[in-house]
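Let chain A serve as the given structure and place chain B on it in line with the hints.
So the protein lines, in turn, are chains A and B. With positions in the first sequence counted from 1, the corresponding number in the numbering used here is that position plus 196. With positions in the second sequence counted from 1, the corresponding number in the numbering used here is that position plus 114.
Don't read these hints as lab results, they were simulated from the structure. Some hints here could point you the wrong way.
Beta-carbon label-pair distances, calculated as ranges [what the hints assert, rightly or not]:
#1 B:143 with A:322: 17 to 27 Å
#2 B:133 with A:320: 17 to 27 Å
#3 B:294 with A:236: 55 to 65 Å
#4 A:210 with B:172: 56 to 66 Å
#5 A:269 with B:130: 58 to 68 Å
#6 A:450 with B:231: 35 to 45 Å
#7 B:173 with A:388: 44 to 54 Å
#8 A:383 with B:223: 48 to 58 Å
#9 A:388 with B:154: 53 to 63 Å
#10 B:381 with A:398: 18 to 28 Å
#11 B:138 with A:278: 54 to 64 Å
Below, a list of computed lysine-lysine pairs in the DSS-like style, where the Cα atoms sit at most 30 Å apart [unchecked claim]:
#12 A:445 with A:320
#13 A:435 with A:320
#14 A:449 with A:320
#15 A:435 with A:449
#16 B:131 with A:320
#17 A:320 with B:133
#18 A:449 with A:319
#19 A:435 with A:445
#20 A:445 with A:319
#21 A:319 with B:131
#22 A:319 with B:133
#23 A:319 with A:435
If the Cβ cut is set under 7 Å, some of the chain B residues that face chain A in the computed set are [stated by the list, open to error]:
#24 248
#25 257
#26 260
#27 261
#28 341
#29 369
#30 373
#31 376
#32 387
#33 388
Note that the structure is predicted; figures quoted are calculated from it, not measured. Glycine residues also receive a C-beta, built at the ideal position from the N, C-alpha and C atoms.
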Amino acid sequence: MLRYIARRLLDILPVLLGISLLVFLFLQLIPGNPAVVLLGPRATPEQIANLQEQLGLNRPLPLQYLSFLGKLIRFDLGRSIISGIPITQEISTRWPATFELSVAAMLVAIVLGVPAGILAAVKKNGWLDNIAMSASLLGVSMPVYWLGLLLVYLFAVNLRWLPPSGRLGVGVNFQPLTGFYVLDALLQFNFPALTDILAHLILPALTVGTIPLAIIARITRSAMLEVLSQDYIRTARAKGLLERWVISKHALKNALLPVVTIIGLQFGTLLGGAILTETIFSWPGIGSWIYEGILARDYPVVQGGVVFVALVFVLINLLVDISYAFLDPRIQYK
Amino acid sequence: MDTLSTSPFVRESSLQKAKRRFLRSISARIGLILTIALVLLALLAPVLRPFDPATARDFAARLSPPSAVHWFGTDGLGRDMLSLVWYGIRISLLISVVSVGLGLIVGTLLGLVAGYFRGWLETTISWFTDILLAFPSILLAIAVATVMGPSLQSVMIAVGVVQIPIFIRLTRSMVLSLREQGFVQTVRAFGAKPWRIIFLHILPASLAPLVLQATLSIGTATLEAAGLGFLGLGAKPPTPELGTMLSDSFTNGYALSAPWTILLPGLMITLIVLAFNLLGDGLRDSLDPRAS
Chain A
197 MLRYIARRLL DILPVLLGIS LLVFLFLQLI PGNPAVVLLG PRATPEQIAN LQEQLGLNRP
257 LPLQYLSFLG KLIRFDLGRS IISGIPITQE ISTRWPATFE LSVAAMLVAI VLGVPAGILA
317 AVKKNGWLDN IAMSASLLGV SMPVYWLGLL LVYLFAVNLR WLPPSGRLGV GVNFQPLTGF
377 YVLDALLQFN FPALTDILAH LILPALTVGT IPLAIIARIT RSAMLEVLSQ DYIRTARAKG
437 LLERWVISKH ALKNALLPVV TIIGLQFGTL LGGAILTETI FSWPGIGSWI YEGILARDYP
497 VVQGGVVFVA LVFVLINLLV DISYAFLDPR IQYK
Chain B
115 MDTLSTSPFV RESSLQKAKR RFLRSISARI GLILTIALVL LALLAPVLRP FDPATARDFA
175 ARLSPPSAVH WFGTDGLGRD MLSLVWYGIR ISLLISVVSV GLGLIVGTLL GLVAGYFRGW
235 LETTISWFTD ILLAFPSILL AIAVATVMGP SLQSVMIAVG VVQIPIFIRL TRSMVLSLRE
295 QGFVQTVRAF GAKPWRIIFL HILPASLAPL VLQATLSIGT ATLEAAGLGF LGLGAKPPTP
355 ELGTMLSDSF TNGYALSAPW TILLPGLMIT LIVLAFNLLG DGLRDSLDPR AS
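Bound conformation, chain A alone:
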């Protein structure tokens, strides 16, 4: 097992190097002098010359890359042009919001998606199966930010049941501790704040959870159908076991591997920040921060955001790979 993990870790090293190279080239490829790009259009020639000297932009490109790599290893991603705040500080402030939203969205996706997939498989080709699979096809075909806007229009503007944006209502008495608002409110037994935080979480979580929900439902259905056609299921039924037992104890357990895989991969995607959905809901996470960076042409923010999201994505994929070996001992490194 340890050997497997070590080999997988070694495998991702070249990919990580490649990511760092691409991200380094990102700033180099933007038309114009990188110092001007970093300082913005109002920079004076002296400022540009100073920054070029300071960042070593006069040195050969390979040396610049090595220096960038050194900084990256020390988690030094530079500063935002607009706010002047170090990128790593911004990431650590915004990360809890994205994490909380991702967990909530995955909860929505798992709680609705897995049962929908099981039901669709058990009632194959019935009306329940048709409805579930049509809904899931619609879910993956829809631009989620558009769905988010429609949900806001319906539930926040028209019905006024839920707040349209943000993480916390104005005037709510709440002091964040860790940045994970739900956890903080629970730790402080602050139930009025908890209610408000959960109300703010519902619409973004539903929106962000739509695609994982649709994908999980489809994968669960096909994995269950595969397992339900196996001989041991026929044996279990022939023994006279209740159908409920056959489904939950015999079929579901063996259908779980692909479902767990897809849950892990989807979670990895969400942790990178749902750029478009966070923007719609003014959710102060990594995604909306990258969007603000794009709008303001704050390239270090975009660069820092891209490298962070790619790293999270690679690490989650690695964890999913390693979890295979735990879930199915037959899997070995080839």
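Chain B in isolation, oriented as in the chain A frame:
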């Protein structure tokens, strides 16, 4: 002909079987009809649209709700929403087809080279593929579009770059199995040059899965292109691109006070993606029934 095709003594070709399976599937038929309808709408946009989105602006009627004159209302510049969205289908389909074409050509070429020649070429191309796949697709598209600046061409290239690794992986895996098969070994034994083997023997045998992947990719490309438009990295307003229309309405603050400005563009993006997803699913089920 019917008697012949149902006769047990006449063997049906695999293409005929696939066609029969395709036409039997309701969802595949819906996908095909929707796709044809959308392509026709896109082609006929300059002739049939009620107003010209480039010139017909009625500032007095800006943001007016649906009416007898403007069936789906007007946008912030007083342009007819129906005409805008009609043109939007044309632009969105163009972006998707061009970007998937780009991904298909570059990805297939690299996949053929990696799978056939193997060695350091395969290692390098696989490394490049792994790196591109390490980024969530929308993020990679954002990075490329940011470098190139907002324009229609940069969206096409950005979305195309996202498609490249998908086609490399698919082609490489097919070539790896095809190069060991008898018909390829035979032409190689007769002294055929590598490029001849690749383009005349391996590529034609790989076409069906590539066409299938391209169909499915048009759906995701449409979503990614609209996403870039929404982020302000796509075609610049007033170009009637569907994602840009949503962005225009959202950033100018009338998405919620004038919901008709977001309803039709979003619905049309969904319809385009749905059409190609249904068509792709139908093709997959008919070409490889085990996959379903």
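Quick rundown of the hints versus the structure:
1. B:143 with A:322: 17 to 27 Å: 21 Å, holds
2. B:133 with A:320: 17 to 27 Å: Hint holds: Cβ distance 25 Å, inside 17 to 27 Å.
3. B:294 with A:236: 55 to 65 Å: Given a distance of about 57 Å, which is inside 55 to 65 Å, the answer is holds.
4. A:210 with B:172: 56 to 66 Å: Given range 56 to 66 Å: holds, Cβ gap about 58 Å.
5. A:269 with B:130: 58 to 68 Å: 59 Å, holds
6. A:450 with B:231: 35 to 45 Å: 41 Å, holds
7. B:173 with A:388: 44 to 54 Å: 48 Å, holds
8. A:383 with B:223: 48 to 58 Å: For residue 223 (chain B) against residue 383 (chain A), whose Cβ atoms are near 57 Å apart, the range 48 to 58 Å holds.
9. A:388 with B:154: 53 to 63 Å: 57 Å, holds
10. B:381 with A:398: 18 to 28 Å: 24 Å, holds
11. B:138 with A:278: 54 to 64 Å: 58 Å, holds
12. A:445 with A:320: With Cα atoms ~19 Å apart, residue 445 (chain A) and residue 320 (chain A) stay inside 30 Å; holds.
13. A:435 with A:320: 23 Å, holds
14. A:449 with A:320: 19 Å, holds
15. A:435 with A:449: Holds, at about 19 Å.
16. B:131 with A:320: 24 Å, holds
17. A:320 with B:133: 24 Å, holds
18. A:449 with A:319: 19 Å, holds
19. A:435 with A:445: 14 Å, holds
20. A:445 with A:319: Holds. Residue 445 (chain A) to residue 319 (chain A) sits at ~18 Å (cutoff 30 Å).
21. A:319 with B:131: 28 Å, holds
22. A:319 with B:133: 28 Å, holds
23. A:319 with A:435: Within the cut-off at roughly 22 Å; holds.
24. 248: Holds: closest Cβ of chain A sits about 5 Å from residue 248 (chain B), inside 7 Å.
25. 257: The hint holds - residue 257 (chain B) has a Cβ within 7 Å of chain A, the shortest such distance being about 5 Å.
26. 260: The hint holds - residue 260 (chain B) has a Cβ within 7 Å of chain A, the shortest such distance being about 6 Å.
27. 261: 5 Å, holds
28. 341: 6 Å, holds
29. 369: 6 Å, holds
30. 373: 5 Å, holds
31. 376: 6 Å, holds
32. 387: 4 Å, holds
33. 388: Status holds, d = 4 Å.
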